[in-house]
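Visitor: Chain by chain, the residues:
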Amino acid sequence: MTELAHLEVEFRGGVPVVRIHGEVDISNAEAIASEIEAAVPNSSPGVVIDLTPTTYLDSSGVNLLFRLAERSQVRGQRLRLIVPADAVLRRVLEITGIQDVLTMETHLDEPLGDEEAVPAPGDS
Amino acid sequence: VETSTGSGAASWRRDAVRILVLGVAYASTAVVSLQLALVERNVTPLWPPTGIAVVAFLAWGSRIWPGVAVAAFFVNLPISTSPLAAAATAAGNTVAPLVAAAILRRVSFRMEIDRLRDAIAIVFAALASTLLSASIGAGTLVFSGAVPESGFPEAWAVWWTGDAMGVLVVTPFLLSLRTMRNVWPLPWSRRLEAVALFVILAVASVAVFRTALPIAFVVLPLVGWAAWRFQLIGAGPAGLVVVGIAVWSATVGLPAFREASLPQTMLTLQAFNATVAFTCLFLAALVAERVRAREALERAAGRLEEQVRERTMELSTANRELTREIADRKEAVEKLRQRERQLAEAQQMARLGSWEWVLPEDKVTWSDEMYLIHGYRPQEFPMTFDRAVGQVVKEDVPRIRANIETARGRGEAHNLPDIEYRITRTDGEERVLLGRARLELSENGEPIRMVGTVQDVTEGKQAEREHRIAETLQRSLLLKDLPDIPGVSLAARYVPATSDVEVGGDWYDVLELPGGQIAFAVGDVAGHGLQAASTMGQLRMAVRSYALEDPSPSAVLERLDRLMFRLGLSEMATVVFVVLDQASGTVRLANAGHPPPLLLQENGEVSFVEGSLAPPVGVSRIGDRVAETERALDVGATLLLFTDGLVERRDASLQDRLMLLKEEAATAGPEPEALCDHLLRSLVGDGADDDVALLALRRLSLADRPLDLRIPAEPQALAPVRRTMRRWLEGAGATTEEANDVLLAVGEACANVVQHAYGLRAGRLELRLAVSDGEVEVTVRDTGSWRSASETGGGRGMEIMRGLMDSVEMDNDSEGTVVRMRRRLGDGQPG
Numbered sequence: 001m002t003e004l005a006h007l008e009v010e011f012r013g014g015v016p017v018v019r020i021h022g023e024v025d026i027s028n029a030e031a032i033a034s035e036i037e038a039a040v041p042n043s044s045p046g047v048v049i050d051l052t053p054t055t056y057l058d059s060s061g062v063n064l065l066f067r068l069a070e071r072s073q074v075r076g077q078r079l080r081l082i083v084p085a086d087a088v089l090r091r092v093l094e095i096t097g098i099q100d101v102l103t104m105e106t107h108l109d110e111p112l113g114d115e116e117a118v119p120a121p122g123d124s
Numbered sequence: 001v002e003t004s005t006g007s008g009a010a011s012w013r014r015d016a017v018r019i020l021v022l023g024v025a026y027a028s029t030a031v032v033s034l035q036l037a038l039v040e041r042n043v044t045p046l047w048p049p050t051g052i053a054v055v056a057f058l059a060w061g062s063r064i065w066p067g068v069a070v071a072a073f074f075v076n077l078p079i080s081t082s083p084l085a086a087a088a089t090a091a092g093n094t095v096a097p098l099v100a101a102a103i104l105r106r107v108s109f110r111m112e113i114d115r116l117r118d119a120i121a122i123v124f125a126a127l128a129s130t131l132l133s134a135s136i137g138a139g140t141l142v143f144s145g146a147v148p149e150s151g152f153p154e155a156w157a158v159w160w161t162g163d164a165m166g167v168l169v170v171t172p173f174l175l176s177l178r179t180m181r182n183v184w185p186l187p188w189s190r191r192l193e194a195v196a197l198f199v200i201l202a203v204a205s206v207a208v209f210r211t212a213l214p215i216a217f218v219v220l221p222l223v224g225w226a227a228w229r230f231q232l233i234g235a236g237p238a239g240l241v242v243v244g245i246a247v248w249s250a251t252v253g254l255p256a257f258r259e260a261s262l263p264q265t266m267l268t269l270q271a272f273n274a275t276v277a278f279t280c281l282f283l284a285a286l287v288a289e290r291v292r293a294r295e296a297l298e299r300a301a302g303r304l305e306e307q308v309r310e311r312t313m314e315l316s317t318a319n320r321e322l323t324r325e326i327a328d329r330k331e332a333v334e335k336l337r338q339r340e341r342q343l344a345e346a347q348q349m350a351r352l353g354s355w356e357w358v359l360p361e362d363k364v365t366w367s368d369e370m371y372l373i374h375g376y377r378p379q380e381f382p383m384t385f386d387r388a389v390g391q392v393v394k395e396d397v398p399r400i401r402a403n404i405e406t407a408r409g410r411g412e413a414h415n416l417p418d419i420e421y422r423i424t425r426t427d428g429e430e431r432v433l434l435g436r437a438r439l440e441l442s443e444n445g446e447p448i449r450m451v452g453t454v455q456d457v458t459e460g461k462q463a464e465r466e467h468r469i470a471e472t473l474q475r476s477l478l479l480k481d482l483p484d485i486p487g488v489s490l491a492a493r494y495v496p497a498t499s500d501v502e503v504g505g506d507w508y509d510v511l512e513l514p515g516g517q518i519a520f521a522v523g524d525v526a527g528h529g530l531q532a533a534s535t536m537g538q539l540r541m542a543v544r545s546y547a548l549e550d551p552s553p554s555a556v557l558e559r560l561d562r563l564m565f566r567l568g569l570s571e572m573a574t575v576v577f578v579v580l581d582q583a584s585g586t587v588r589l590a591n592a593g594h595p596p597p598l599l600l601q602e603n604g605e606v607s608f609v610e611g612s613l614a615p616p617v618g619v620s621r622i623g624d625r626v627a628e629t630e631r632a633l634d635v636g637a638t639l640l641l642f643t644d645g646l647v648e649r650r651d652a653s654l655q656d657r658l659m660l661l662k663e664e665a666a667t668a669g670p671e672p673e674a675l676c677d678h679l680l681r682s683l684v685g686d687g688a689d690d691d692v693a694l695l696a697l698r699r700l701s702l703a704d705r706p707l708d709l710r711i712p713a714e715p716q717a718l719a720p721v722r723r724t725m726r727r728w729l730e731g732a733g734a735t736t737e738e739a740n741d742v743l744l745a746v747g748e749a750c751a752n753v754v755q756h757a758y759g760l761r762a763g764r765l766e767l768r769l770a771v772s773d774g775e776v777e778v779t780v781r782d783t784g785s786w787r788s789a790s791e792t793g794g795g796r797g798m799e800i801m802r803g804l805m806d807s808v809e810m811d812n813d814s815e816g817t818v819v820r821m822r823r824r825l826g827d828g829q830p831g
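Taken in order, these protein sequences are the chains called A and B.
FYI, the working numbering numbers position 49 of the first sequence as 49, with every residue one higher than the one before it.
FYI, the working numbering numbers position 3 of the second sequence as 3, with every residue one higher than the one before it.
Next comes chain A alone, as it looks inside the complex:
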């Protein structure tokens, strides 16, 4: 994992919740994309990307989300994006029109399953 960011993955009701801590820019966007892919099983009914602990997200991060949304749609997985209402990232996401391709929620309030959260393998 890079110095700038690290991922935290937990499963809620069989749905992986991926929290992105830190900053996402061109130096680590690719690596984060690969890691998310590895953390999300094909059989999973959906995936939650939690940007609450994310402090920076540039166009490479936005592109990452667009690609993820595309893939989820192909797989029939539901992609949900958690972005707090006062988050600094919100404006970027709105500008780029991400809300057109996926659901943006302010917080994770809906229970997703009954499994306990476990750390994703390989994460620190």
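The hints are simulated quantities; they were obtained by calculation from the structure and are not laboratory data.
Treat the hints loosely; a few may be bogus.
Derived Cβ-Cβ restraints for the label pairs, each shown as a range [stated by the list, open to error]:
#	chain 1	residue 1	chain 2	residue 2	range
1	A	V101	B	N812	30 to 40 Å
2	A	V101	B	N603	53 to 63 Å
3	B	N812	A	E94	25 to 35 Å
Everything numeric in this text was worked out from a predicted model, so none of it was measured.
In this text, a Cβ means the ideal position worked out from N, Cα and C, and glycines have one as well.
Starting from the known structure of chain A, fit chain B onto it as the hints suggest.
Guide: Chain B only, in chain A's frame:
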């Protein structure tokens, strides 16, 4: 003997006068003498004119004989039977004194009659020359018939004795007058004695002839007195007086001669006269000779004495000079010895030997130190060139020989180039020597002599090498360029110690921490040289690592201390570690045995930051007891960190030096570069005893100046730039939201450059942020290839930039691409 030296008329006139004087004198005395004649009228027992003539001829020369001849002719004319007889007699009278004078001249007669030989000469001359006048005169008397033939012997005897007496008595008398001139005036006592003597002599002479008793001889002691006491000047007159009185007595027939016949009278008289005359002459001459001898002896003695005195003086002068010379020489020798000793000491201290090589004789002389350098005892054996070269390491010999050959071939006196070479000493150790030499030529230009010095530079070479390595290592371990940190102005200096052994161990460091804080460290590893420099390198990196993990100053120092024990580093180090938080405008610091940092306020106030002080790291396991100190660092204020080399001096107390530092810092002011320069100049000067490290950091008002950054166009470079921009933007008055917007927009512009401008090439990008009239203006510039707006991040990058900024322009020119963006602050959302 006087001879006429005149010439011409003057000479003639003088001779004529002399002839006249002589003639008159001769004639007048002759007339008087004839009154004393005993035979006829012309035979007298004393004939003074002959004596006068002899003196005249001796004194004036024989040329004046005519005076005698004429005078004699006229004297004899009246008493002769014919003019012929008178002429004959006159001829005899003239010849006799001429012969006498000739004889005397011949025997180098001295007219002072002060030698016995002069007395003998005058007696002989008188008796011999008058044989002629007597024979001619007596013969003439017989021939002219004035005397019968039978009377010849008697006439001849009277004539001869009379003439002879005239010479013997008158000549000494006249000469005595001449001598008198030389000794006059006599002392009064001598004159009195002379008068008494002559009165007694005259009275005695008359007295002895007035009695019939034959006691005439009693006057002889008186004559002897005169001769002895007065020599010629007494004897001459005495003889004349006594003889005169005797002749007069005989002539007038005083009782002593009254009863005698003529022949008896003549015999007695002439015997007496001769005795007196001889006594006078011989005694006077003898005494004179003795006196002269004594005088000569005295003079000689006097001269000798004088010479001895002079010689003694010379000797004593010479002796003094000699003594001084000896003392001088001794002093010179002593000085020479002292100088030799000093030279030897100096050579020993400098490990410098000197040598001389006289080329024609191949004679090499080494100083003591030369022998020592080569591992011998001083002057252990006589040195030769080959023996000296024998110790040089084989590879270096050709260089030395070539050096010397070149020098000898150059044909002029000159200094050879310095040469460094190695020798193997007798104990096997290799030493490095530095040789210097000079070649000297004889008058005809032949190389005659080389002199030189050799210095053992082995230690110097090692120390020099180590110093160089230590300094190189030291510098390589220090920060090459200070980071460009917005809001902070930085300056740092490292001055290595000038002395060979003191370099190494000091460091300074600046590090941007992930949270936007900035860490500063200055430290000093105890000890010097390579070891200290390498330990410094390790400690510096340890501080960096710990600071990145946990920037708490106390934690950093505690961990550093533990590390040193864990690694078994035997050194100790002093460190001060500072964290600057720009948001709060404070510094937090911890100090382990280091000199306190100096805080310079913009208003000129200067103070040391003297919080609690921990022991140096690596000494006593300080554990977790390191305290922290916090101070406000206002915009415009400067914090100065330094190592003890700046303030420690052997000749001044630390307290004084710290005071001086405060004063000089106040003078210099808070601008970091100027502050460092001024402090190094005023406190360190030309040479640093110890290493000196300085780090000055000043907090600046961010908005006061634009933010200029030049970074490599690499993905990893962007995150630190975002932190820098955030601080700058906050300092420039942007809200967190505004700052986020600008960061993101600029990030997009930079990412574009990184992804597309240079392809696979390395490149740079320039970033400039400035605030004017409440508006942030951003310029991002690259020198890469042109690209369209649609390429940027699949269009989303440009979209974001446009969405977050008030305006975005993109220009291409020959140098590359420029993106200009603007955003008004304080309006909330962009328009």
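Visitor: So, for every hint listed, does it hold in this structure?
Guide: So, going through the hints one by one against the coordinates:
1. V101(A) to N812(B): 30 to 40 Å: Check passed, 33 Å falls within 30 to 40 Å.
2. V101(A) to N603(B): 53 to 63 Å: Given a distance of about 59 Å, which is inside 53 to 63 Å, the answer is holds.
3. N812(B) to E94(A): 25 to 35 Å: holds (30 Å)
The structure meets every hint from the earlier list without exception.
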